[in-house]
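Residue numbers (our numbering), protein chains in the order written: chain A, -4 to 204; chain X, 3 to 257; chain G, 2 to 226.
Using C-beta positions, here's what the derived DEER-type ranges look like:
{"no.": "1", "chain 1": "A", "residue 1": "Ser56", "chain 2": "G", "residue 2": "Asp79", "range": "30 to 36 Å"}
{"no.": "2", "chain 1": "A", "residue 1": "Ala157", "chain 2": "X", "residue 2": "Thr223", "range": "48 to 54 Å"}
{"no.": "3", "chain 1": "G", "residue 1": "Arg89", "chain 2": "A", "residue 2": "Val11", "range": "25 to 31 Å"}
{"no.": "4", "chain 1": "A", "residue 1": "Arg15", "chain 2": "X", "residue 2": "Glu161", "range": "39 to 45 Å"}
{"no.": "5", "chain 1": "X", "residue 1": "Arg30", "chain 2": "A", "residue 2": "Ala157", "range": "45 to 51 Å"}
{"no.": "6", "chain 1": "X", "residue 1": "Arg244", "chain 2": "A", "residue 2": "Gly14", "range": "46 to 52 Å"}
{"no.": "7", "chain 1": "A", "residue 1": "Asp65", "chain 2": "X", "residue 2": "Leu246", "range": "42 to 48 Å"}
{"no.": "8", "chain 1": "A", "residue 1": "Thr69", "chain 2": "X", "residue 2": "Glu161", "range": "38 to 44 Å"}
{"no.": "9", "chain 1": "X", "residue 1": "Leu123", "chain 2": "G", "residue 2": "Asp79", "range": "44 to 50 Å"}
No wet-lab data here; the hints were simulated from the structure. Predicted model, so just to flag it, every value in this text is computed and none were measured. Glycine is no exception: its CB is placed at the ideal position from the N, C-alpha and C atoms.
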Amino acid sequence: MTTSDLRLTASNLACVRGGRIVFEGLSFSVTAGAALVLTGPNGSGKSSLLRQIAGLLDIASGTLALDGGDPELTLAEQAHYLGHLDALKPAMTVVETLRFWAAWLGGDAAANAPAALESMGLAPLADLPVGYLSAGQKRRLALARFVATPRPIWLLDEPTVALDAASIERLGAVMRAHLAGGGIIVGATHLDLGLAGAQTLRLGAEAAA
Amino acid sequence: MSPMTSLSASQRLQAFANPARFMALSARLLAPLWVVSLGLLCVGLYYALVASPPDYQQGETVRIMYVHVPSAWLAMFGYSLMAAASAVALIFRHPLADLCAKSAAPIGAAFTFLALVTGALWGKPMWGAWWVWDARLTSVLILFFLYLGYMALWAAIEEPARAARAAAVLALVGAINVPIIRYSVVWWNTLHQPASVFRMDGPTIAPEMLLPLALMALGFTFFFVTLLLVRMRAEILRHRVRTLRLARAAASAED
Amino acid sequence: MTRAFFALIGRDLRLAARIGGGGGMAVFFFLVVVAVVPLGIGPDLNLLARIAPGMLWVALLLSSLLTLDRLFQADYEDGSLDLLAMGRLPLELVAAAKATGHFLTTGLPLVVAAPLPGLMLNLEVSAFPALMLAMLAGAPALSFLGIIGAGLTVGIRRGGLLASLLVLPFYIPVLIFGVAAARAALFGFPDGVAGQSLTLLCAVALASLVLGPVAAAAALRANLR
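Chain A on its own, in the form it takes in the complex:
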């Protein structure tokens, strides 16, 4: 990763869903090692913005650009995205799931899977089918794929849903390590994730203006 001069920039970004303007004229810039926390009321477009960065939602106007990344890859191909759904299959085991997503997202599955499971406290459950896990364990498995595959940008939509205090602490540690390694995090959350010096972007005010 050429992460030292990484910069994610949005200028005059707008999002339209179902004929309604969710937000417009949105601009921000995040550099390597920094986190951007999205706040705002329901429907202010936090999830939509994350999906736009992940390439899952069309950009109505404005631009989103990543400078200093891999020029061969698109922005979405350098980003990890955790939405409201965990993207898990009950019939697959924990380690199979992680291996598959690592292979799919472009990581070295065999090498990274054990460490990723360890970081989320899932190592003892590696051989269990996902269907046996609790909601919090499933969320942790979804987060483990962030660790298993190196991608510089992490997009987290309410990552702490269903997580207990110990798991939130684990997530905080993993996120701090990612930032220390020169990554970028954009997250929408109600909880303080313990990230020192995170920028905050408040959505919803612009739409009214």
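With chain A held as given, fit chains X and G onto it using these hints.
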């Protein structure tokens, strides 16, 4: 959290004590059952293939009967057992009844398939076709489909308790439907094809043929029961593995 | 890239084997559809033998349709489709991998099982090789055209029926050439006819290998974003 806390004390007792006793009892029964069923099948096959005379009309092909008829009998027996076990499961909530019904299905389906295949092999020289849409064959085929549907339902529902209830309802509805299907199929075929080209009621069966047939039928039945016990034991073990794994997932959440 | 492609096919095969909803159910449905035909038109073996190739093809088509609606829908419902879209593989290849998985878990078992209902419809045993060859050429086309319908209806509630309605017209050339190849072999048409139909069937199949993934990817993009 233990996965069993949602059950009442008596249910917990039933869920554990009964299968445990069944495991102990079946472990002792299995070896003699294997000996008896394999012994009967060996002797029966000897009489069926070697020691009994060929039929004066059908020649050697009559020997297919010694496999075909017991299979067809067990196809019916299997479904009746499945339906009876399902009824017990629905009414008395006996934990072994669900397992019995679930375990009987693939064995019954296998014997139904065997009956269909041996019937086809027998039919080719007799009727000149592998398959004839006669009332009897058609209703056995539909029985086979009922078995497959029952098994597919078990496979489709992930949670065992829910799958058991749904499958039991299906088996009972099927049991009510079987006579109606049978009747309608007979009516259907006699309507279209009055003078049937073949008749199962040939000359009364000779004693030297009756002996191997009886031996084979008995051997098949013992074999069915043996397999049923093996499968039920496997189901209980599967259930235990599931419980242990759920407990492991739950225990890991606490740390 | 190749690794991700095969990883996706492998995952789909594994899921099909564990859940048991896919291939086994399709073969079951195939048998039931064929068994219902004599009940509808009567047990006349000569008549059944005459219509057997067409009936088997229609049953193949219906069974293939049956499993189509879960193809993208299952991945859409649990969020996997989002991540599949974020891999390095273009959506066209995602669609191609899903179609390959569908063929391996549904089309191929149906072709292998075809002799059984064939016997029950009193089809000449000598016609089996030609019939199965035609089905083997046609079944991939059914999967690769089917993903278009699956892609168009992803995210729509009760999209399964709609997907069938959308896809059936595309299946018609496959049906016509497939039945023609089997009938030509069965009724001893002049040599060229069977070969010609089979060639046309292969042409349709090859075209669908290209058209299907491209159209399905476009449909997915339209539905997802």
